[in-house]
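Visitor: One-letter residues, chain by chain:
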Amino acid sequence: MTGAEGADACDLRAAILAGERSAAETLEASLAAIEERDGELGAFLSVERDTARARAIELDRRRAADPGAAAGALFGVPVAVKANLCMEGVTTPCGSRMLANYRAPYTATCVRRLLDADAIVVGVTNMDEFAMGSSSEHSAFGPTRNPWDLTRAPGGSSSGSAAAVAAGMVPVALGSDTGGSVRQPAALCGVGGFKPTYGRVSRHGLIAFGSSLDQVGPLARSVRDLERILGVISGHDPLDATSLPLPPIEPERPDRPERLDGLRVGVAAEYVGADLDAEVRTAVEAALEKLEELGAEAVEVRLPHTVHAIPTYYVVATAEASSNLARFDGVGFGARTEGDGSLQGMFAATREGAFGDEVKRRILLGTFVLSEGYHDAWYGRALRVRALLRRDFERAFEKVDVICGPTSPTPAFPLGERAGDPLAMYASDTLTVPTSLAGLPAVSVPCGFASGAADSPLPVGLQIIGPALADARVLRVAAAFESATEHHRPAPTSAGDGR
Amino acid sequence: MTDPERDLVRHTAALARLELDEAEVDRLAPQFAAILRHFRVLESVEVDDAEPMTGASGVRDVLRADEVRPSLAPDAVLGNAPRSSDGFYVVPKTVGGEE
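Here the protein sequences come in this chain order: A and B.
Mapping of the first sequence onto my numbering: residues 62 to 560, in sequence order.
Mapping of the second sequence onto my numbering: residues 7 to 105, in sequence order.
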C-alpha cells in the first residue's frame, strides 16, 4: 500500500492537506512499495525517483508557506503513467526497442493536466509494444506479472498501470484504451478502469496506435478516484483535432447515490451468452442481480453485430496502425540500422530490427487491408460494419440507460498460454472492442472472483457501458455498485510473499 | 504452407518497408493466412445501408487562426534523431552519383 492501508487518492490528498502526512512521506511510501514489489511484478519500466522527490518537496514547501492556498485536485498523489504518454525529459519507450531511448521533447496534455493538479508522476509503466496486445507479453522489455498470481498475465496493454495499482504501488495510474487496453487489465487485476467517450480526453502526446479508437483513461482502486482523475484530464484541447469542444467530465450528484431506482440496465445475450468462463458468468450474473436490488430494472437488448466486432476492430485498428507506425523509419527518432546503405534499405532494416512480432503482424495486416485491390473489400467493408456496430448500440440505448456485462470472457490466463496464437489473444478483446469501435464510454469494476489456484483467487470485472457522452452516468452506476459490494476491497497477497 | 501465402506476406512486407528474413516469413505466413481466413466472415455482413464510419467523435474540419506561435526548439526536436547535422536530419544519399 501507499503507507495508509486502503487509502485511495482522494484520502491521500485529504490527509496531506489536513497535515496528517506530507507529500514527501506519501511519495516515499509509494517508492518503498515499488522497491519491495516491482522486482517480481515488472510493472515499471522506469521509476523517476529524483524528479518525483524534488516535486514532493516543492509541494510540501508550497503548503508550508501558505496553508490556505488553493491545492490541486490531486495534491501530492503519486501517479504512474503508461509508457506511451510523453513527458518532457522522461524516456517514453512505448514497450518497443524502436523507442527504447526516446525522450519526448514535450508533455502530453493529460500528463500536463495531472501535474497542473499537483500530482506526482512516480514512474513509467510497462505495456505491450505500441499498445498492441492483451497480456504484456508483447513488451520488448519482458512481461509484467499479475499481482494476484505471478504465473498469470495482468492483461494488456496497460499492463504495468493495472498491476501497479492492484499491488498498491500507486493509488492511480493512466493507461490508454484502443480496444480494451484499460478495461481488460483492470478486470484481470481487480481494479477499476475507465475508457471515456472518444474525444473527451486529449490524445496530444499519446503515441498513436489506432487514432480513431485511442483514448487515455485512468485505473484506480475506487470509483471516486476514477472520477477525480477524469475530472482533471478530460475537457477540450485545441492540440487534438478530434477533441470534443466540451468542458471536463462533471460527476452526477444524485440525491441518493447508493440507489439506482428507475435505471434501465441493458443485458445483451451477445455478451452474457458469449463463450464465457463459468465463474465469470456466475460473478456477472450476481452483479446484475445486485444492480436490480439497488432499484435498477434489467432489460434485454440485442447487439447483433457483436460477433463481427473482432475482425472489424483488427481491420480498422491495424489499418490505422500501419499508417501511424510508418513514421518509425530511422530518420526522426528512435532506433536506426543502416542496412545496405540506401535510404529504402535503411528504412527496412530499421523497422525489421526494432519492431517485435506482433507489431509486424499488425503492420502487415493493416498494409494488406489498405493495399490496392483489397482496400474496398477489407478496409471499406470494415468501416461499414463499424457503423452497424454503432447502430446496434444506438438502438439499444433507445430502451436502456446503460448496458452491463463482463469485461473479459475469462479471468487472468497463464503467461505463455496465448502468446503463440494471435487469434486466441485477439479473442481476449471480444467484449471490449465493440464499445471502442462505437466510441462509447465504459468502465470495468471488480465484481467478484474466480477460483484460480488454491491460494490466489482471480478477479472478475463488470463492464458498464453508456451512450456517447454519458461518462458521468457510467461512473454513477459504478459508484452505486461499488458502495453496495466489497469486491474492490481485497488486495492481492502474491506479491512479496516470497514465491 | 503454400507459396501464395508466403508471396503475399513478402509482397505486403515490401509495401510496409519491413525486411523480413526467411525464418520470419515461415512463421508469419501461416498466421497471416489464418487471420485472413478468420476475418473473411466480414464478407457475409449485409452492409449496403451503412455509410463507412471513419471517425468516432464527429468533430470535423477543425481550424485555428493562422498566427505565429512558439514551437519546440530545433535542438529539442533533433535531439531524438539517430543522426543529425547543422539542424538537419541526416539520411543516406538518394540523388547524384557516388559520394
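Everything labelled a hint here was simulated from the structure, so no lab data went into it.
Honestly, I wouldn't trust all of these hints.
FRET-style restraints, in silico, Cβ to Cβ [stated by the list, open to error]:
no., chain 1, residue 1, chain 2, residue 2, range
1, A, L307, B, H17, 54 to 60 Å
2, A, R456, B, L21, 49 to 55 Å
3, B, Y95, A, R82, 45 to 51 Å
4, B, E73, A, E119, 29 to 35 Å
5, B, G61, A, T212, 20 to 26 Å
6, A, L484, B, E30, 17 to 23 Å
7, A, E313, B, D32, 54 to 60 Å
8, B, A20, A, A347, 39 to 45 Å
9, B, G61, A, R82, 43 to 49 Å
Computed from a prediction, not measured in an experiment: that's the story for all the values here.
The beta-carbon is built from N, C-alpha and C at its ideal position, and this holds for glycine as well.
Visitor: Compare the structure with each hint and give your call.
Guide: Status of each hint after checking the structure:
Taking 54 to 60 Å as the suggested C-beta distance range, the pair L307 of chain A and H17 of chain B does not conform, at roughly 45 Å. For the hinted restraint 49 to 55 Å between R456 of chain A and L21 of chain B, the CB-CB distance of approximately 39 Å leaves it violated. About 49 Å separates the C-beta atoms of Y95 of chain B and R82 of chain A, a value consistent with the hinted range of 45 to 51 Å. Look at E73 of chain B against E119 of chain A: about 33 Å separates their beta carbons, and that is inside 29 to 35 Å.
Checked against the given bound of 20 to 26 Å, the beta carbons of G61 of chain B and T212 of chain A, roughly 41 Å apart, lie outside it. For L484 of chain A and E30 of chain B, the Cβ-Cβ distance of about 19 Å falls inside the hinted range of 17 to 23 Å, so the restraint holds. The hint said 54 to 60 Å for the Cβ distance between E313 of chain A and D32 of chain B, and at roughly 55 Å that hint holds. Checked against the hint of 39 to 45 Å, the C-beta distance between A20 of chain B and A347 of chain A comes to roughly 53 Å, which is inconsistent with it.
At about 46 Å, the beta-carbon gap between G61 of chain B and R82 of chain A stays in the expected band of 43 to 49 Å.
In summary, the structure is inconsistent with hints 1, 2, 5, 8 from the numbered list given earlier, while agreeing with the others.
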